[in-house]
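A.B. asks: Sequence:
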Amino acid sequence: MTAKKDNKELFKNLKYYLILLDLLIYVISDVIFLVFHLSNPVGISNEQLLYQFLMGGLSLFALRIFLGVYRQDWRHGYLEPYIRLTIADIIGGIAYIIFARTLGTRDILFITLFAIIVFNFVGALLLRLGILYIYQRAQKKDMVLLSSPTMHGEEQKFIQEAFDRNWVAPLGFNCDGFENEMIDYLESDHGTAGKKLHSLATVSGTSAIHLAVKLAGVKPGDLVLCTDMTFSATVNPVVYEGGKPVFIDSERESWNMDPDALEKAFQKYPEAKFVEIVHLYGTPAKMDEIKAICEKHGAILIEDAAEALGADYKGQKCGSFGKYGILSFNGNKIITTSGGGMLLTDTKESRDKALFWSTQSRDAAPWYQHSEIGYNYRMSNVVAGIGRGQLKYLAEHKEKKT
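For the sequence shown, numbering that gives the first Met the number 0 begins at 0 and goes up steadily by one.
No wet-lab data here; the hints were simulated from the structure. Keep in mind that this is a model prediction, so the values were computed, not measured. Accuracy of the hints is not assured; some may be wrong.
[Said to hold, decoys possible] No more than 20 Å apart at the CA atoms, straight line, and that leaves these computed lysine to any residue pairs for SDA-like:
hint : residue 1 : residue 2
1    : Lys397    : His189
2    : Lys285    : Gly190
3    : Lys194    : Lys290
4    : Lys272    : Gly338
5    : Lys290    : Tyr312
6    : Lys156    : Gly338
7    : Lys295    : Val245
8    : Lys290    : Gly216
9    : Lys391    : Phe172
Please take these sequences and the hints and turn them into a complete structure.
C.D. replies: And the structure:
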């Protein structure tokens, strides 16, 4: 995202129209002071002026706190600028009194107008813009990336082979190699608890989820119990097939689906037969409890392990728990193919059906014949080459991320 877009989003999020409202309050308060002072330019003592500024400052402070609490700024640490600005108001007011008394009451109109235009309006605007700038810098400084792409040069060898063999279309030896090598990794060290997996490389994690939803048999009107704290790509494919997502609350330990809430959802929606869980940020969900609940209610489990490649739960690798699992190789994942995903199934028949759908559902005929709706979901042979090179460094990436 560019700096210009960052600034635009920042101003939008902080509701900049409230900044203008705050500036308006400044002007109104000074106009009131101007009228009050001109009505009795000689009879006001320094003590009265000081009292007025103190009361005015506290009133503005109370208004700012009200706005801050109303906007829930206190949750994000935004109240500190309100406090600093109010202290600046009071100090500026005292300095203004000294300035006005030094020049004399005959110049009070000029001094007050000058203060309104320069000291308060421009000064307050600069203060607020400064706070926004500091906040923006702090956000960038404190940002923790999910995963940043790291290339090693090994990827280029597989890409070059695709070019040398003139195989840059979807399917091909890199796709086959990437799928087989991923299965080898997942099944190594008993990582699938003896479960045999079958893989299909796709153009994205989202397309892999869509294929999983279709394989699971989600039909229009079917309820799918979904993790509520996730990216929309997890749930969009449910809607593609006409399903109705029901969001299940998260638990505190992992931020993933709460098994207790899932059980309550089945009590409320006993007709639900599909569950889609997510391992948020690569932290495994409580799979023992979730699997037991799904088995108890006869529900098919779809496992979104887009961010969890390399993670395991009690020795079993994420992506191998559900009847269908998905991985993602987007640019922010632990290994990347620039864009891509992978479907994991528990039977070869499911994998073959997904392959059929992902290649436009072309029937075995000497002409173009399509008896089902199909999709262009197959991974490119070039992209798969990047994945093969990246997979060799998965352990290193995991160590660095840890």
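A.B. asks: Look at each hint and say if it fits the structure.
C.D. replies: How the hints compare with the structure:
{"no.": "1", "hint": "Lys397 x His189", "verdict": "holds (19 Å)"}
{"no.": "2", "hint": "Lys285 x Gly190", "verdict": "holds (17 Å)"}
{"no.": "3", "hint": "Lys194 x Lys290", "verdict": "holds (15 Å)"}
{"no.": "4", "hint": "Lys272 x Gly338", "verdict": "violated (31 Å)"}
{"no.": "5", "hint": "Lys290 x Tyr312", "verdict": "holds (12 Å)"}
{"no.": "6", "hint": "Lys156 x Gly338", "verdict": "holds (19 Å)"}
{"no.": "7", "hint": "Lys295 x Val245", "verdict": "holds (19 Å)"}
{"no.": "8", "hint": "Lys290 x Gly216", "verdict": "holds (19 Å)"}
{"no.": "9", "hint": "Lys391 x Phe172", "verdict": "holds (17 Å)"}
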